[in-house]
Amino acid sequence: MRGPQHRVLALHGSVLALLFLLQFVLPAYHHTNFTSIMVLATYGIGYNILIGYTGLLSLGHAMFFAAGLYAAGLTVHYFNLDPVSAFLFGAVAALAFAAAVGLVALRTTGVSFMIVTMMFSQACFLLILYFNEVTRGDEGIVLTEAARQIGDFSLVNPAVRYNLALALFAIAVALCFILIRSRVGRVLVAIRENEERVKMLGYHTFRYKLLALALSGMLSGAAGAAYALMFGYVGATFASIEYSIYALLWVLLGGSGTILGPIVGALLMFYLVEWTSEVTESYRIVVGAVLVLLTLFFPKGILGTLREKRLRWLP
Amino acid sequence: MSLGPHLLLALMEGTVAAFVLALTALGLALVFGVMRIVNVAHGEFFMLGAVLAWAFAHLIGSPALGFLVAIIASPIIVGGAALAIDRMILRRFNYQPEATIVATIGLLYIIQQLVLVFYGPDARSVEAPINFRIQLPWFGYSGYKVVVAGIAALLLLATWYGIARTKLGLVMRATQFDSETAQAFGIPVDRVYAAVFAIGAMLAAIAGVLIVPIKQAYYLMGLDPLLLSFIVVIIGGLGSLRGAIIAAFVIGISDGVISVFFSPNLSKILATLLVALVLVFRPEGLFGGKAR
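Listed in order, the protein sequences are those of chains B and G.
Taking my numbering, the leading residue of the first sequence gets 15, the next gets one more, and so forth.
Taking my numbering, the leading residue of the second sequence gets 1052, the next gets one more, and so forth.
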């Protein structure tokens, strides 16, 4: 195992190093795009833990992203919490919320799970609109610059933002890597492959799935909290079904069950939508066509296909 | 208006909505029951029905004639589209459940975009085909809404008859029970699947045609019926047609009442909470059997 292990570390290390170096050459516009892509890819990594490694298809992850986003954003806005505590609070709130959702939603299996998560997520979206006085619904809340200050560093500064986003992404990659190499991670993959057999071997699969959902929700929420603090905006759109579908799209495009899949997918989709928006106003058809084509021709996504054909060692 | 008549009005509105919801949810439940797949684009078939109804009314000019043409032609067009989707996409990966969900999400976006391009972003209304009011002591009620409930009830009965009493229904039930054995007995399972997928889409499209004189046709209108149908099929038990219809009435009527007295958003939130409760006590839904 020594050979592949080195290659894996070298690959992921160089991707992170490349992202670090890119900040010195990217023009301002793409610099901001990459910041947001890294945060969104963290959301994707959270989603991937569930769909890619545990085999549970959720269509409601926007609720966890939004849980972190609102937990961090509202505490900063109403209680003047400092950004670091707000971020941690966002991640913990999303963790607790995901565990609570899991206790109910994981009672279902297969496609019911997907319907139930989608429904719960939509209920959260409607709750945000319903408590309009607190959340300001669709219009959202803009966080002031003064509130987004960590010591001497301001989150308005692009360089600070970029490196924090990179740090968040790097932590997510590391966490995901540690998880899938751990005993727990192997049980999760086994559940994906054949849950009945894992049950028969004496594992309490419900607990493992709950753990996966909670971790997945926590990473998604951490990304949401970071997004709120870095870009200073909290709004109901982030809880809409579209945001759940984006996570699915990035992960499937990049390759579900691969560590770097989410960032490959997020990066490609971001620029694909951007590029087509210049030509036409039709991002929907791009998103739709990519989803249909993926299921027909590339069910394993880009990195998944690569792994199958050449790079067997890719985690 | 005092509370009594107000409640009566809310109940009547809820009942009409429940009939339309039952029709839409029946389509979803039928497709799931026989094919074991979830069609996320189901709401878009509903929307296509509504948009086509607007197009026919607009082309023909006379509301009554336009409605008559729409209620026959729209489901045929939508059913044709569903057949094409079945053949070109779903059959290719053999109705694998996860792939179907992803592909139908993609179709949802594609259909929305096409409607946006050819129909535009506006919400447009259609004049009701008949124009009489039923005068109750407290308020007048739209006669068209009563007609909607009537047509929906007829279609629900017809679907029940089709499934329970005809050869096609028998073949469908056999496929649902065990598709491999059905295939071994010479039932063309592929064609049954295609027919079921088209019938499910047609039911949604008819619901869309019926609703458009009450609500407006709009390219994003498919989301609400989709989510309500999801709520209904989960409460009723995935795949159980009887459960779906009973749940449609519970959810439809309570949705009508809560929407009138409080807010539509609150009613959807409460319905979702109800789903959570049902799942806690009966994970397979009220009328669902254990998965085989």
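Be a bit skeptical, because a hint or two may be false.
What the hints assert, rightly or not - Chain B stretches covered by chain G per the calculated footprint, using a threshold of three residues with CB under 8 Å from any CB of chain G:
id : stretch
1  : 24 to 30
2  : 51 to 61
3  : 112 to 122
4  : 130 to 140
Claimed, not checked - Partial pick of chain B residues on the chain G-facing surface, computed with a CB cut under 8 Å:
id : residue
5  : V125
6  : F145
7  : V148
8  : V306
9  : L308
Calculated from the structure, these hints are not laboratory results.
Every value quoted in this text rests on a predicted model; they were computed, and no experiment measured them.
We put the CB at the ideal spot given by N, CA and C, even for glycine.
Here is how each hint holds up against the structure:
Three residues within the 8 Å Cβ limit are the bar, and the stretch 24 to 30 of chain B against chain G gives 0, so the coverage statement is violated. Chain G is given as covering the stretch 51 to 61 of chain B, and this is violated because 0 residues of the stretch bring a CB closer than 8 Å to a CB of that chain, at least three being needed. Under a criterion of three residues with beta carbons nearer than 8 Å to beta carbons of chain G, the stated coverage of the stretch 112 to 122 of chain B is upheld, 4 such residues being counted. Requiring three or more residues with a Cβ within less than 8 Å of a Cβ of chain G, the coverage given for the stretch 130 to 140 of chain B holds, as 7 such residues are present.
The beta carbon of V125(B) is positioned within 8 Å of a beta carbon in chain G (closest approach about 5 Å), and the interface hint is therefore held. Interface restraint check for F145(B): the shortest CB-CB distance to chain G comes to about 10 Å, outside 8 Å, so the restraint is violated. The restraint placing V148(B) at the interface with chain G is violated, with a minimum CB-CB distance near 14 Å, outside the 8 Å limit. Taking 8 Å as the C-beta cut-off, the interface hint given for V306(B) holds, the closest approach to chain G being about 4 Å.
Taking 8 Å as the C-beta contact cut-off toward chain G, the hint placing L308(B) at the interface holds, the least distance being around 7 Å.
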